[in-house]
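Undergrad: Here are the chains, one letter per residue:
There are 2 protein chains.
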Amino acid sequence: MMKRLIVDMDGVLADACAHFAAYDERETGRRKTPAEFTGKPEFTAFPGARQYAGSAGFFRTAPLIADSQKVLEQLNQRYELYIVSSATEFPLSLAEKVAWLAEHFPFISWRRIVLCGSKQIVRGDVMIDDHFGNLDFFEGRTLLFTQPHNLHAPDGRHERVHTWNDVARLLL
Amino acid sequence: MMKRLIVDMDGVLADACAHFAAYDERETGRRKTPAEFTGKPEFTAFPGARQYAGSAGFFRTAPLIADSQKVLEQLNQRYELYIVSSATEFPLSLAEKVAWLAEHFPFISWRRIVLCGSKQIVRGDVMIDDHFGNLDFFEGRTLLFTQPHNLHAPDGRHERVHTWNDVARLLL
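Sequence lines, in order, name chains B and Z.
Quick note, the first sequence lines up with residues 1 to 172 if you use the working numbering.
Quick note, the second sequence lines up with residues 1 to 172 if you use the working numbering.
Since the hints were derived computationally from the structure, they do not count as laboratory data.
Please note that the accuracy of each hint is not assured.
Copies of the same chain look alike in the list, so a pair counts if it fits in one copy or across any two.
Result set (SDA-like, lysine to any residue): computed pairs, CA atoms no more than 25 Å apart in a straight line [unchecked claim]:
#1 70 - 99
#2 3 - 170
#3 32 - 15
#4 40 - 111
#5 3 - 89
Please work from the sequences and hints to get the whole structure.
TA: Quick look at the structure:
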């Protein structure tokens with residue numbers, strides 16, 4: 001039986017940090033340097049982040065994280081792949097996330113998409129996420145995807161991956 | 001620790017069958033009798049059902065199932081309550097379901113809403129659902145909520161409840 005792999009969207013497939021930085025630059029007229037946001041929660045580093053995330057179009061236009069399409073398509077052959085994304089806080093994001101996945105990851109069926117508030121409810125064998133708040137409650141193997149907000153945090157019991165090629169090396 | 005209770009929306013909180021019947025009547029000019037749809041999958045009994053479910057406003061205007069608000073509010077005090085609804089097939093339904101819950105069940109936080117394709121991924125202690133396809137895969141206690149489509153089916157390993165007062169008697 002295939003193992004069930006649970007993959008997060010923001011910070012793992014979608015480059016939410018770069019997108020927040022771009023929205024922040026548009027608002028402030030200045031691009032924040034990595035030193036200004038590294039090690040901080042995104043909603044702290046970018047004061048308008050919650051408003052950006054709640055606005056129409058934000059999630060639909062998020063940029064991709066490098067190599068995510070190529071590696072996820074291969075993983076989809078070897079695992080029972082589910083995309084599990086925190087989304088119900090921002091109702092406009094819901095349909096946008098489904099449309100974004102359909103555009104960039106057309107091999108993922110709507111049957112394999114979960115939009116939630118808390119990920120404590122999901123079960124599976126492997127989880128890839130950039131937030132400890134999701135990984136810490138998961139019973140299976142946990143891969144911490146490096147993002148500026150978690151860069152300086154101790155890995156804890158999780159295996160850290162910096163890129164999708166790191167994920168490929170561990171899971172393919 | 002509180003037990004985790006997973007509650008379905010359509011056919012359990014929202015009277016999807018009555019709503020399909022009303023849409024069908026609007027289209028055909030005649031209200032189907034219960035004998036015409038009882039024992040049949042809704043997407044068979046109401047030929048336009050998939051189109052209705054995909055249209056704007058369908059889920060936002062669904063009628064409530066009797067006593068669901070009163071009993072669910074009490075259950076929310078005693079259980080870690082999650083609403084888990086199949087929804088990703090119909091992207092317009094996503095934000096509508098969140099808004100519908102906020103209107104009729106304001107005590108349910110966005111943190112406790114899960115919109116998915118398959119419910120095989122969720123774990124918990126008790127599930128209330130009207131579909132065998134969801135209950136059969138659940139590891140915990142399972143309550144089959146009576147709906148016309150499941151009325152003649154054998155209960156299998158599930159406990160059948162006909163009303164929210166039945167649920168209250170079993171779980172409160």
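Undergrad: Run every hint past the structure and note whether it holds.
TA: Verification of the hints:
{"no.": "1", "hint": "70 - 99", "result": "within (19 Å within a copy, 36 Å between copies)"}
{"no.": "2", "hint": "3 - 170", "result": "within (14 Å within a copy, 35 Å between copies)"}
{"no.": "3", "hint": "32 - 15", "result": "within (16 Å within a copy, 50 Å between copies)"}
{"no.": "4", "hint": "40 - 111", "result": "between (34 Å within a copy, 23 Å between copies)"}
{"no.": "5", "hint": "3 - 89", "result": "between (29 Å within a copy, 24 Å between copies)"}
Of the numbered hints stated above, none is contradicted by the structure.
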